[in-house]
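Asks: Construct the entire structure; sequences and hints are all you get.
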Amino acid sequence: MFPPEVFFSCFEYGHPTLFTIKLYHGGEFTKYPDVRYIDGTVNYFDMVDIDEFSVHELDAIMKGFRYGVPPVIYYHFLVPGGDFHFGLRPLGNDQDVANFSQYVSEHKVMKVYTEHAKDFVDTSTDFDIGLYQQILQSNVDGVNGTDMHDVNEPQMDEENQPHMDEENQPQMNDFWDFNYQTDAFVRDGSENQPQSNIDSSGKENESEVESKERSETEHEDDSDDSDYWVDEDNVIEDVEVDMRDFNMSIDTEVEFLDKRARNPRQHESDEEADELDVIDNDAFDSMDEDSDQDRKRRAVLKQLSKEKSCSLGEVHKCHFKIGQKYNSKQELKEKIKMHALETKKNIAFKKNDKSRLRAICNGVMAFTNDGVGGPTQAEKSKGKIKGKSKGKSKEKDKQGGTSQEKADSSCPWMLHASRSTDASSWYIKTYEYKHTCMNTRKVKAATTNFMSKQIMDQVESNPTIPVKALQEQLQKKYGVGFSIHKVFRAKADAKKIVVGDYKKQYEVLRDYILELQSTNPDTTVKLELGDVSESNLMFQKNLCLSRGVKKGFKACLRDFLGLDEAHIKGPYPGQILTAVGLDSNNGIYPLAYAIVEIENCESWKWFLECLGDDLDLHAMSNFTFVSDRQKGLLQVVSQLFPCAGHRFCLRHIHENMKKQWRTKEYKDHLWDCATATTVLEFNHFMHQFSLYDKSAYEWLKSIPPQHLAKSHFTGRATIDMLLNNLCEVFNGKLVDGRGKPIISCLEFIREYMMKRIYNVLKCVGLLTSTTTKIMEKNEAAATQYIAEWCGDEKYQVKGPWNDQHVVDMHERVCSCRKWELTGIPCRHVIYVLYNKADHGECVHELHTYVHKVHWLKTWKTAFEYKVEPIKGLALWPRSECPMQITPPPHRNQPGRPKRNRRQSMEEKSQSKSQIQSQRSDVGPSEIHGHGPHGSRKLTRKFVNVTCSKCGNKGHNSKTCKGRGGT
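Residue numbers in the sequence shown follow UniProt numbering, run continuously in steps of one, and reach 966 at the last position.
Since the hints were derived computationally from the structure, they do not count as laboratory data.
No incorrect hints appear here.
Calculated pairs, DSS-like style, for lysine-lysine (alpha carbon to alpha carbon, straight line, at most 30 Å):
hint	residue 1	residue 2
1	LYS442	LYS453
2	LYS550	LYS631
3	LYS526	LYS550
4	LYS486	LYS351
The calculated label-pair distances, taken between Cβ atoms and stated as ranges, are:
hint	residue 1	residue 2	range
5	ILE703	ASN956	31 to 39 Å
6	GLN473	GLY570	25 to 33 Å
7	LYS773	PHE86	29 to 37 Å
8	ALA492	CYS881	29 to 37 Å
9	GLN473	LYS857	49 to 57 Å
10	ASP422	PHE349	16 to 24 Å
11	CYS643	ILE703	14 to 22 Å
12	TRP801	LYS857	33 to 41 Å
13	ASN683	LYS31	43 to 51 Å
14	ASP94	MET243	27 to 35 Å
15	PHE488	LYS31	36 to 44 Å
Because the structure is a prediction, the values reported are computed rather than measured.
Backbone N, C-alpha and C fix where the C-beta goes; we use that ideal spot for every residue, glycine too.
Replies: Spelled out as structure tokens, the structure:
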């Protein structure tokens, strides 16, 4: 315990090593995104010395509370000013304590949180100080400066605690007289939870608001679209996979680029460290008979190179030192360039050969009263002296009147380094450190290559950072001017190192395939190349199908696949063909992916042939596909798998319908026809559609009903899905990877598939979560039905709205066909089971009437198969093929490259309406028929008019050109 006078002096004079620990314990963290610490208790521990602080002291404190010790308890600290999303840091070893200590000098109250792996032993908040002191004396050597307060008083919020003001330190009298309290958290966390997302003013942090707006801009929400299709019975459940940390550089020249090499200033402290006589196991040379002389010489050089102090006691940084050693000339040149930037000088290399390096300063000298100063030495060497010709300057030099002026008008800074042999190191022999020239903002050392190394970390953490932001950061850091064009080229070079070179990744594509096959045996990887020359082969197609994913898909027991394509961005564009299945929880299960040059019949045929060979599919297989009717896909599916079912995405059918019929009534009629589960219902809705619009009915009738209506689907796939949302979800996950080089793109997809194979062991029950929700919904609706037994396991079930069907329990079918299509008992079947149980008949558990594809056991079995990780480029096996792979030829499309996604017809009409509503002359009220004068007449704007003369649409009789009617 410190005496009061010591306590006051420490905080009054800002003692840098003493601080207070605010310990949160006994609680737990809530899940992302609403991260809070709830059900916990708070205690304060004063006068903790950071020089003596360690994790052992935290263990002793937790033992004093009668908790268990690690690994049962984990410690975290909150960075001052941070929140639970980005400010939590681990506190488990000496390195973490060193990271923790850097905040102590500025912030005297540090928050530490405990995370309990299991229930703690004693829920009492009374601290046993005797046990704490005993543990400190026995286990923690030297930890004896901790003052602890634990007073159980009424609860108080964090905001009302005077000693918790970290920015404005409290007065010492108030701080000393205040009784520390124990704060208990309530379950909802509404009263005493740490406010991580909301500041004192009640507004969200600006950075989080910006991130939310950016995420909303990048990922468009289809729910705002009036055309958004929602199939409540087949909602795609997908696990969230964070791919923001994905970063893979496939470049043989930069794979071993160490971050320390990006900033040469980090090596400056190496020469300043005390030299100890230790054995260097990494050095090739050993001590010889001249080692004593070398040691004395190094001691003299070290004494000469020490930093000097001025009369005011300020230590000036010494950039270069006589006798300083460099391993290479490039290392020395990089440091000279860095010095030029830091001092804002233009330094040039006057002598630069294999054994010598001389650098001089070409800075502009200021004019004095004696006329000394003016142009740089480089300008003088060219004879460009103001007011005098070149001939006159030479004549004056011959007379001997300019030698002293030339010496006075040039900056004296100079550095000379050399080496004795080609194998020796470089040493600084001559160094004049004084600069007498003026600073400049146009430093020639600010080259593109230099800037690319400086912004490497920013580009690596945020590849989409704007060029303007990089320019502002560099100008603020160095105080010199950087051209926006140079920064743009520097970012491109840095991104090439971080992300990878587009062209060079094709050269190591064979090595990547060998690594995949070695780490994932039985993985199907196919590569097709085209002839270019005798030594080069052009890339055409590449397919990947992992062994674990293949076995997991077969374990899902669902013969159902979605097919789709997505565009590849970059200098070598192409297409990604994907095949996605459904797991037992109605979540996506990516199966295979391929990169092809172009989407056509040939590429789809090659992709499906490879897929059929791996999945043992033949011409007579009863498989089911769903697609968006891509180019050539209809012909290929009917040719390779004539017995397979092929469903068309209903949303894309509606997109084609909206080209002629756009109102909501057409969408409702289409949905009624597609969702009808029986043929009679389908014919009824089609008849209703024909009465509404004969031409639209004829257009829809041209599409075979087995491609779009549930009434004509078979139950082989155990799913009645009408939309191709599973492929759309998967393609949406690959947006960030489609603009990367080929191997980085393939790795992005593989890592996503590896991460999303999540653990389902925590799930409990007999059915999957999605199936359980559907069963609960059907059970609630079954209470409104009445069943009558008709003999032979057949029942007649009646319900509201004239809903009457026949259930055959022996054949396990219902006349509504929902049990047959999905494998899940409908409401009619569930009530029949209730009726049988009421009459004392033998009824099994409800889950036994559900198809095995929906069982939790099936779901777990599918996710037992994993995608194995791979090693880095340096450990990949090398291909022995002498032929080099070249990228496909880049075909420039006419016009300006398009960056935005192609909008659908409905989106275009909505955007036009929004634009018109934002204009001053046309408001939203006018669009809906409410004019500026209060008129209630429906407007004719945005309506496709019909000409009364010729009968064509798109113009009226006044603008008619005299064309004949149709």
